[in-house]
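*Asks:* Residue numbers (the numbering used here), protein chains in the order written: chain Y, 1006 to 1284; chain H, 63 to 307.
No lab work stands behind these hints: they were computed from the structure. Mixed in with the good hints there might be a few duds.
Unchecked claim - Straight-line alpha carbon distances no greater than 25 Å define the calculated BS3-like cross-link-like pairs of lysine-lysine that follow:
id: 1; chain 1: Y; residue 1: K1143; chain 2: H; residue 2: K80
id: 2; chain 1: Y; residue 1: K1030; chain 2: Y; residue 2: K1068
id: 3; chain 1: Y; residue 1: K1068; chain 2: Y; residue 2: K1010
id: 4; chain 1: Y; residue 1: K1010; chain 2: Y; residue 2: K1028
id: 5; chain 1: Y; residue 1: K1028; chain 2: Y; residue 2: K1062
id: 6; chain 1: Y; residue 1: K1143; chain 2: H; residue 2: K81
id: 7; chain 1: Y; residue 1: K1143; chain 2: Y; residue 2: K1175
id: 8; chain 1: Y; residue 1: K1010; chain 2: Y; residue 2: K1143
id: 9; chain 1: Y; residue 1: K1028; chain 2: Y; residue 2: K1212
id: 10; chain 1: H; residue 1: K260; chain 2: Y; residue 2: K1143
id: 11; chain 1: Y; residue 1: K1062; chain 2: Y; residue 2: K1030
id: 12; chain 1: Y; residue 1: K1062; chain 2: Y; residue 2: K1010
id: 13; chain 1: Y; residue 1: K1062; chain 2: Y; residue 2: K1120
id: 14; chain 1: H; residue 1: K148; chain 2: Y; residue 2: K1108
id: 15; chain 1: Y; residue 1: K1074; chain 2: H; residue 2: K148
What the hints assert, rightly or not - What the simulated footprint calls covered on chain Y by chain H, stretch by stretch (three residues with Cβ under 8 Å from a Cβ of chain H suffice, anywhere in the stretch; the number is not a length):
id: 16; segment: 1052-1061
id: 17; segment: 1081-1087
id: 18; segment: 1119-1129
Stated by the list, open to error - Partial pick of chain H residues on the chain Y-facing surface, computed with a CB cut under 8 Å:
id: 19; residue: F71
id: 20; residue: E74
id: 21; residue: M75
id: 22; residue: V76
id: 23; residue: R79
id: 24; residue: K83
id: 25; residue: L145
id: 26; residue: T149
id: 27; residue: E151
id: 28; residue: L154
id: 29; residue: P157
id: 30; residue: E307
These figures come from a predicted structure and were not determined experimentally. Don't be surprised by glycine CBs; every beta carbon is placed ideally from N, CA and C.
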Amino acid sequence: MIELKGLCKDYNGVRAIDNLNLKVKVGEIFGLLGPNGAGKTTAIRILTTLARPTAGKVFINGKEVSRNKAGIKSEIGVVSQTENLDRQLTARENLELHGRLFKVPASKRRARIEKLLAFVDLTARAHTAVEYFSGGMKRRLMIARALVHEPRLLFLDEPTVGLDPQVRRKIWDLIRNLNGQGITVLLTTHYIEEAELLCHRVGIMNKGQLIALGTPAELKARVGDTVVEVPYNGETRYLVFENRKKGLQHAATLKENLVIRESNLEDVFVELTGHKVGV
Amino acid sequence: MLYDTYTVFWREMVLLRKKFKSFFAGSMVSPLLYLLSFGWGLGRNIQLDSTSYLDFVVPGIVALSAMNASYSGTGTSLNVSRLYYKTLEEFLVAPISVVSLVLGNVFSGCFRGLFSAGLIIIFSCFFGANLCLGGWFFVSLLLTCFVFATLGLVAAMVVSSHEGMSRFGTFVILPMTFLCGTFFKVESYPGAIAWFVKMLPLTHASISLRALAMNAEFPLVSLLVMTAYALILFILGVWVTYRVE
Chain Y
1006 MIELKGLCKD YNGVRAIDNL NLKVKVGEIF GLLGPNGAGK TTAIRILTTL ARPTAGKVFI
1066 NGKEVSRNKA GIKSEIGVVS QTENLDRQLT ARENLELHGR LFKVPASKRR ARIEKLLAFV
1126 DLTARAHTAV EYFSGGMKRR LMIARALVHE PRLLFLDEPT VGLDPQVRRK IWDLIRNLNG
1186 QGITVLLTTH YIEEAELLCH RVGIMNKGQL IALGTPAELK ARVGDTVVEV PYNGETRYLV
1246 FENRKKGLQH AATLKENLVI RESNLEDVFV ELTGHKVGV
Chain H
63 MLYDTYTVFW REMVLLRKKF KSFFAGSMVS PLLYLLSFGW GLGRNIQLDS TSYLDFVVPG
123 IVALSAMNAS YSGTGTSLNV SRLYYKTLEE FLVAPISVVS LVLGNVFSGC FRGLFSAGLI
183 IIFSCFFGAN LCLGGWFFVS LLLTCFVFAT LGLVAAMVVS SHEGMSRFGT FVILPMTFLC
243 GTFFKVESYP GAIAWFVKML PLTHASISLR ALAMNAEFPL VSLLVMTAYA LILFILGVWV
303 TYRVE
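Model the full structure from these sequences, guided by the hints.
*Replies:* This is how it looks when you write it as structure tokens:
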């Protein structure tokens, strides 16, 4: 469904994306995980025609992506990292504008907007100007907006950044629900938990490059099953073991206050790059 | 393409409707100040050739007002939309042509310019101005609005900060306000300066609007210059919008 071939992007001589090759399959939730500045947002901006690649090509459903290809734009929904709703317009007017821009017939538009407002639980606020919305409500409305023209492919750039844990879980449920309806999802995140719990496959990015790719389980299997965190000179050392038994055996030989836990994608990132994901 | 252009324009009009009171009040301030100071205060006792200064200056103020309202109506709102609110992205990811996006925004700027100019024309009647408002006058006025709305669009797409937009206004729009024959004839300048001023679009807007409002010789050259500016700026507007990231 999505294919990136040798994608490169430079900004003022600085390489933001370096030879990115990737395939996203139909029906999956694919996550690009990495710290800020890893190139995730740049990749999604190229995929959604907001930026042009310096080199390489991007294909969606076999068609090459470019700014002036209306056909591709009609097939994708985009939820940006930054809140870009019209604040003075109401929730309904924002959806109405999107429907008009994507040429959803007027006869169908009204029913579609009602359905989406209900889906994101904003029916009661349909006539309220967006400037009075909370961060979570805005994010839900942005997701609804991206769905007005019924895309089969949805791009979400850091969909839960800046939201509290409760709202974050609500957004996850929305994304799972959409995926359950057959919508392919490509999202970026720097939240380990989000990538692990939500994505079928994860691509880990660092400094513009894809450094690992697989299901969360496959990626974790690369480093081991169990992590022992050991305090050392004011810092924490992460010791990774193949299984819990080996971890416990090693922990028994140490006198420090230890934390023994299952490995996560952050451990994979640390193993591959030598530093934490951070923000 | 027409439907997409209308959609972009529709959004601007919905926004305008929501802040109409402040837009209306804001549109009245400059016209009233210009008419009070230049038309009534300064110009009441000045006689130019066989006409009153008020009749001479009103078309200039109409051009000036159309320029400011069209330029800021497109430029300021689009620049804020691109750099601050990021609402421009919604249009860039939509399956609409760049030409529609440009035209929708430019027409919105034109609407604001025509509205502002219309207020001046109405007020000037109360101040006793005698204007000949034929069809060509409105063609010339529309052309003026189109030129400065596209200039605003180009600036909004190219300039990368709000401070930069303000500087653009200071170095491009403000000098035209005082130099381009709005308050006096450009023939008053010495040779080289007159030659430079005659290259600027507001000069031709003032000349054509004045000639048409005073029923003087048909300003063919100025209208052609304005048309050339409109075409060049429109093509440039489409190009910079296509390139914007």
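*Asks:* None of the hints should be skipped; say for each whether it holds.
*Replies:* Against the structure, the hints come out as follows:
no., hint, in the structure
1, K1143(Y) - K80(H), "20 Å, holds"
2, K1030(Y) - K1068(Y), "15 Å, holds"
3, K1068(Y) - K1010(Y), "13 Å, holds"
4, K1010(Y) - K1028(Y), "9 Å, holds"
5, K1028(Y) - K1062(Y), "12 Å, holds"
6, K1143(Y) - K81(H), "22 Å, holds"
7, K1143(Y) - K1175(Y), "13 Å, holds"
8, K1010(Y) - K1143(Y), "34 Å, violated"
9, K1028(Y) - K1212(Y), "19 Å, holds"
10, K260(H) - K1143(Y), "51 Å, violated"
11, K1062(Y) - K1030(Y), "17 Å, holds"
12, K1062(Y) - K1010(Y), "5 Å, holds"
13, K1062(Y) - K1120(Y), "36 Å, violated"
14, K148(H) - K1108(Y), "22 Å, holds"
15, K1074(Y) - K148(H), "21 Å, holds"
16, 1052-1061, "holds (count 5)"
17, 1081-1087, "holds (count 4)"
18, 1119-1129, "violated (count 0)"
19, F71, "11 Å, violated"
20, E74, "11 Å, violated"
21, M75, "12 Å, violated"
22, V76, "6 Å, holds"
23, R79, "10 Å, violated"
24, K83, "13 Å, violated"
25, L145, "11 Å, violated"
26, T149, "5 Å, holds"
27, E151, "5 Å, holds"
28, L154, "6 Å, holds"
29, P157, "4 Å, holds"
30, E307, "5 Å, holds"
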